[in-house]
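Undergrad: Protein sequence lines, in the order shown, are assigned to chains R and F.
Start counting the first sequence at 1; every next residue gets the next number (my numbering).
Start counting the second sequence at 276; every next residue gets the next number (my numbering).
In short, the hints are calculated from the structure, not lab data.
Watch out, some of these pointers could steer you wrong.
Computed, partial: chain F to chain R, Cβ under 8 Å [stated by the list, open to error]: (1) A391; (2) A400; (3) K470; (4) H476; (5) D487; (6) K493; (7) H497; (8) S504; (9) L511; (10) A524; (11) E526; (12) K530; (13) W533; (14) N544.
Note that the Cβ used here is the ideal one computed from N, Cα and C, for glycine as well.
Chain residues, written in single-letter form:
2 protein chains.
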Amino acid sequence: MVCSIVGLGLMGGSFGLAMRDYFDEIIGIDHNKHHCEDAINLGLVDKIGEFKDIEKSDVVVLAIPVKSIINSLQNISKLNIKKDLTIIDFGSTKESIIKNCPNSIRKNLVASHPMAGTEYSGPQAAIADLYKNKVMVVCNIEESGKIQRKRAIDIFNKLQMHIKYMDAKEHDRHAAFISHMPHIVSFSIANSVLKQEDKEHIVALAAGGFKDMSRLAKSNPHMWKDIFSENKKNLLDAVEAFESELKKAKEMIEKEEWDKLQEWMKMGNNLHKIM
Amino acid sequence: MVCSIVGLGLMGGSFGLAMRDYFDEIIGIDHNKHHCEDAINLGLVDKIGEFKDIEKSDVVVLAIPVKSIINSLQNISKLNIKKDLTIIDFGSTKESIIKNCPNSIRKNLVASHPMAGTEYSGPQAAIADLYKNKVMVVCNIEESGKIQRKRAIDIFNKLQMHIKYMDAKEHDRHAAFISHMPHIVSFSIANSVLKQEDKEHIVALAAGGFKDMSRLAKSNPHMWKDIFSENKKNLLDAVEAFESELKKAKEMIEKEEWDKLQEWMKMGNNLHKIM
Numbered sequence: 001m002v003c004s005i006v007g008l009g010l011m012g013g014s015f016g017l018a019m020r021d022y023f024d025e026i027i028g029i030d031h032n033k034h035h036c037e038d039a040i041n042l043g044l045v046d047k048i049g050e051f052k053d054i055e056k057s058d059v060v061v062l063a064i065p066v067k068s069i070i071n072s073l074q075n076i077s078k079l080n081i082k083k084d085l086t087i088i089d090f091g092s093t094k095e096s097i098i099k100n101c102p103n104s105i106r107k108n109l110v111a112s113h114p115m116a117g118t119e120y121s122g123p124q125a126a127i128a129d130l131y132k133n134k135v136m137v138v139c140n141i142e143e144s145g146k147i148q149r150k151r152a153i154d155i156f157n158k159l160q161m162h163i164k165y166m167d168a169k170e171h172d173r174h175a176a177f178i179s180h181m182p183h184i185v186s187f188s189i190a191n192s193v194l195k196q197e198d199k200e201h202i203v204a205l206a207a208g209g210f211k212d213m214s215r216l217a218k219s220n221p222h223m224w225k226d227i228f229s230e231n232k233k234n235l236l237d238a239v240e241a242f243e244s245e246l247k248k249a250k251e252m253i254e255k256e257e258w259d260k261l262q263e264w265m266k267m268g269n270n271l272h273k274i275m
Numbered sequence: 276m277v278c279s280i281v282g283l284g285l286m287g288g289s290f291g292l293a294m295r296d297y298f299d300e301i302i303g304i305d306h307n308k309h310h311c312e313d314a315i316n317l318g319l320v321d322k323i324g325e326f327k328d329i330e331k332s333d334v335v336v337l338a339i340p341v342k343s344i345i346n347s348l349q350n351i352s353k354l355n356i357k358k359d360l361t362i363i364d365f366g367s368t369k370e371s372i373i374k375n376c377p378n379s380i381r382k383n384l385v386a387s388h389p390m391a392g393t394e395y396s397g398p399q400a401a402i403a404d405l406y407k408n409k410v411m412v413v414c415n416i417e418e419s420g421k422i423q424r425k426r427a428i429d430i431f432n433k434l435q436m437h438i439k440y441m442d443a444k445e446h447d448r449h450a451a452f453i454s455h456m457p458h459i460v461s462f463s464i465a466n467s468v469l470k471q472e473d474k475e476h477i478v479a480l481a482a483g484g485f486k487d488m489s490r491l492a493k494s495n496p497h498m499w500k501d502i503f504s505e506n507k508k509n510l511l512d513a514v515e516a517f518e519s520e521l522k523k524a525k526e527m528i529e530k531e532e533w534d535k536l537q538e539w540m541k542m543g544n545n546l547h548k549i550m
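Please work from the sequences and hints to get the whole structure.
TA: As structure tokens, then:
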């Protein structure tokens, strides 16, 4: 079986690294020449190809931003692809991708979102066990073809992932709470400290807690700008839900309602009972 | 040398565990009988004693909340302590402790704050390397006696900590940014998700990012209520600095100013250049 990976960054590169044994050949496709060179040198793919190589592929993984996935799906629909081609996209929002997938290849597509990643990007950041034990969300699976479903599930099992099926709309809302809003919060923490005159002295005291809370602020701004714009409405809902809790806490602090604040924190402790 | 540890929780217990070889005897003191039993069973201290045992101690570590530290200092000043007793407090705010330390024992006190901890509490949470490679902030060191300074520094070196000297006022402000405000933010994230109808489905998608951002929301509400109340003004300043960044981000998202949002995130990336 031949697999093409479009996008040789952290996600695509890690997929290649983990799946070298599974496929007979993995072809890497990326506009960025440096990424292509790195992918070969790091052994993430067997060779570098071009978009038309999808025609000889059995599986294609689209590990690129949502807008580029939508473009790629349009372009794939114009290729002379194998009838049973399985297209797996790793887009971080799912509704717009599914809505914009050409009908002629809708059965080929298995719309997926791996809940995995690090704050680093690019092929150099690829790691073989990025996906291991992580959740793979598969959206609107009933719209995918039988052969494609089976193939994708086999691949996700090979990656040792936990598969969760979900409606695309629901996924996009959940992703806003679990991932997109926390990124905005982490960047807000980073910037609030950087605005302080004595920022160097402040960060000199950083321990594990602060490092955790500011880690997401290392993320790639270009990539995240696109994710935020794709999920604007859900993101704003999640930011507002967060803001409302912060406002409550601030008011209790201002009014010195310490016991009430303690109850509010006790409620927060419950998160870890369901997670 | 005899050391007393007042408070056998995570901080005091971990101190005992790490310093068993350094002292001839470590006496544990705690109101909580279960903590005393655990501390003995876990080998955190050599024996359990009472407050009056500070009289035969060369070093006493106050690993208790700020208000209790202030009370303990009053009580220690009434004991018949050794002239060169070194009192080390681990209070998480420093100005009120120093201000309220009786003059008669001010030279004995080395006001310190270890930038270390986990989201867990109690003697069961104690770990021998909690302090290793972490920052120990020592405040207003010029007010401590020469013998006490030397003893405390020797102890912190034995713990393999990085010592930073700081003015108490400055410390309290920094701690609000690096620790207290991020706790409020983490609890706000946890509570905002818990308020959602489909919270179980949301947290099912949690990956490393969300786990990091919500980890501090596991912290002990009773303990943190006290810390927040001790540092109210600085905490509110830090929360407001954070809120102002969040507001900016929200407005850019609402107005779809994606390039401006990207620049704002790029600024956040700089945090990790100075940390």
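Undergrad: A separate judgement is required for each hint: does it hold in the structure or not?
TA: Hint check results:
1. A391: This hint holds: A391 of chain F lies near chain R, its Cβ roughly 6 Å from the closest one there, short of 8 Å.
2. A400: Since the shortest Cβ distance to chain R is 14 Å, the answer is violated.
3. K470: holds (6 Å)
4. H476: holds (6 Å)
5. D487: holds (4 Å)
6. K493: With a minimum Cβ separation of about 5 Å from chain R (threshold 8 Å), the hint on K493 of chain F holds.
7. H497: holds (6 Å)
8. S504: Holds: closest Cβ of chain R sits about 5 Å from S504 of chain F, inside 8 Å.
9. L511: L511 of chain F check passes; min Cβ-Cβ to chain R is 6 Å, inside 8 Å.
10. A524: Status holds, d = 5 Å.
11. E526: Because about 11 Å separates E526 of chain F from the closest Cβ in chain R, which is outside the 8 Å limit, the hint is violated.
12. K530: violated (11 Å)
13. W533: holds (5 Å)
14. N544: holds (6 Å)
When held up to the earlier numbered hints, the structure conflicts with 2, 11 and 12 and fits the remainder.
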